[in-house]
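Let chain A serve as the given structure and place chain B on it in line with the hints.
There are 2 protein chains.
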Amino acid sequence: MALLVVGSVAYDSVETPYDRVEDALGGSATFFSAAASFFTPVHLVAVVGSDFQTAQVDFLRERGVDFSGLTIEEGKTFRWKGRYLENMVDRETIETQLNVFQDFNPILPASFCDDATVFLANIGPELQYHVVRQMHRPQFIAMDTMNYWIQGAPQELRRTLATVDALLINDSEVRELSGETSLLKGVKKIQTMGPKTLVVKKGENGAMLFHESDLFVCPAFPVDRVFDPTGAGDTFAGGFMGTISMKNDFSVATLRQAMVFATALASFAVEGFGVDRLRTLQKAAINQRVQRLYEMTHFELESLS
Amino acid sequence: MALLVVGSVAYDSVETPYDRVEDALGGSATFFSAAASFFTPVHLVAVVGSDFQTAQVDFLRERGVDFSGLTIEEGKTFRWKGRYLENMVDRETIETQLNVFQDFNPILPASFCDDATVFLANIGPELQYHVVRQMHRPQFIAMDTMNYWIQGAPQELRRTLATVDALLINDSEVRELSGETSLLKGVKKIQTMGPKTLVVKKGENGAMLFHESDLFVCPAFPVDRVFDPTGAGDTFAGGFMGTISMKNDFSVATLRQAMVFATALASFAVEGFGVDRLRTLQKAAINQRVQRLYEMTHFELESLS
Chain A
0 MALLVVGSVA YDSVETPYDR VEDALGGSAT FFSAAASFFT PVHLVAVVGS
50 DFQTAQVDFL RERGVDFSGL TIEEGKTFRW KGRYLENMVD RETIETQLNV
100 FQDFNPILPA SFCDDATVFL ANIGPELQYH VVRQMHRPQF IAMDTMNYWI
150 QGAPQELRRT LATVDALLIN DSEVRELSGE TSLLKGVKKI QTMGPKTLVV
200 KKGENGAMLF HESDLFVCPA FPVDRVFDPT GAGDTFAGGF MGTISMKNDF
250 SVATLRQAMV FATALASFAV EGFGVDRLRT LQKAAINQRV QRLYEMTHFE
300 LESLS
Chain B
0 MALLVVGSVA YDSVETPYDR VEDALGGSAT FFSAAASFFT PVHLVAVVGS
50 DFQTAQVDFL RERGVDFSGL TIEEGKTFRW KGRYLENMVD RETIETQLNV
100 FQDFNPILPA SFCDDATVFL ANIGPELQYH VVRQMHRPQF IAMDTMNYWI
150 QGAPQELRRT LATVDALLIN DSEVRELSGE TSLLKGVKKI QTMGPKTLVV
200 KKGENGAMLF HESDLFVCPA FPVDRVFDPT GAGDTFAGGF MGTISMKNDF
250 SVATLRQAMV FATALASFAV EGFGVDRLRT LQKAAINQRV QRLYEMTHFE
300 LESLS
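Protein chains in written order, with numbering that gives the first Met the number 0: chain A, 0 to 304; chain B, 0 to 304.
Excised from the complex, chain A in its bound form (with noise of 0.2 Å):
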């Protein structure tokens, strides 16, 4: 069964106190695909401008996406432009040109409609409700969002929220979503939105999966050096939903061990610029961090008597 992915395909020129890069191949859409086509074949819909070399893509293409859902637009593609802070987290935007997405209309080609696992990545919430209303039976759906569309869309964000399953979102924003201090309370209250599945992603410090009343909680895998972190979330959800798309299983289980090779393939997005570091990846690397994920979080479980 094919993974649905709706987002962006665009070009991030990035700087970091260490070194720049100018026009690299980024986008939602597209760490995505890079994470989740190690697991299960992808469906993407995004739209690029006539400027788009899509010789790019052929990697992501051998590894099973279907680039048919990609609309070519006469005009630019979407650029970002930013700055990473001495701390490899905080960042500033230099500048944003929408380009051809500002007039982005997802319209899935008719086998996609088929697809029974969907992922909404960080895309107006009006788009993303539209894309939901054009899936025919959807098993389980999860969506992305930032703090732009928690302030400036709310009615838009509340409608779609009511339709998914899982929700991805940073910790800062559960607090803003919520209007809780408290994560655990805002986390509770999320849920009584529409989505029972919450994956609250903490960077550095790992992430958490509540799904109904259970937790899981996974640490980052600490790498030595954080090249550029730019599409780590959108790797992170690549490979949280290419695991549950390839299981085809949505127990909690399943979901767990999807945090893990979600977080192993964060790990690596965050080592190179762009996706560089996911275009040469290998399986075998993967199932490494997956076992050291899990010896460094292992313990012998003990009484007090």
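Since the hints were derived computationally from the structure, they do not count as laboratory data.
You can take every hint at face value.
Remember, identical chains collapse to one label, so a pair may be satisfied in a single copy or spanning two.
Quick list of in silico lysine to aspartate or glutamate cross-link-like pairs, DMTMM-like style, CA-CA up to 20 Å:
1. K201 <-> D223
2. K188 <-> E155
3. K246 <-> E299
4. K201 <-> D170
5. K201 <-> D89
6. K187 <-> D223
7. K184 <-> E270
8. K75 <-> D50
9. K80 <-> E94
10. K75 <-> E21
11. K246 <-> E301
12. K184 <-> D223
The following block gives chain B in isolation, referenced to the frame of chain A:
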């Protein structure tokens, strides 16, 4: 075998956005003992003023804390007054009255000098060193420190660091002490200064154990409401060292278990003002949270084929 702790016994006045308390029993040695006494006999060395109400520590005596190293000096007990901000993490000190603590000179009762495990709570590094020199054959020495000493007494701190097995420290202090932005690089650098074991505390983001090249990560236990974070770090240290002293074992397996008990204990500490919650705590409740931490981190290891 008993566990020695040298630190402070104090009265804390704490304000939070929700509540306040005046002159609550606190101090690093108090929180530490309140936690460690669930696991092992504790030998406490500290100083208080003539205003100290000794009956307040009767509950610790009953749990096997030996106060023969508590000196009572003419004058007032150490007092700290602070205010927590809305996020219940950041705080500002309103007033610090060192009082009799200013001239604290820890002289160990003769019988304490044979203790196998030692915790040097957050006091001046020259006092910590003075304690180490009085020990006969300690098997495992751990210490705490803070930015005040990292900045103000770097040489004394390095001398003490060279004598200990373990350092318990916050993540921001790792960066300060090592001068490295990367946590991993910072930890490796500090390991060359003496302690082969580093426990990096990250508050609500859990704690990491670095033991030589081994890494263990433990999430924080999520509590519904943080009442007062004061003393959480010392309580964590008490749970950690208590476990090690109880087992009289210094293997990685024991250190990992110690991290989990420490995490459970710290989660109780924040649920009341001062040591209130630790006063009434029962072993069954500790075991329950350890069990839940096990469940929170467990997943079935599987490879991507």
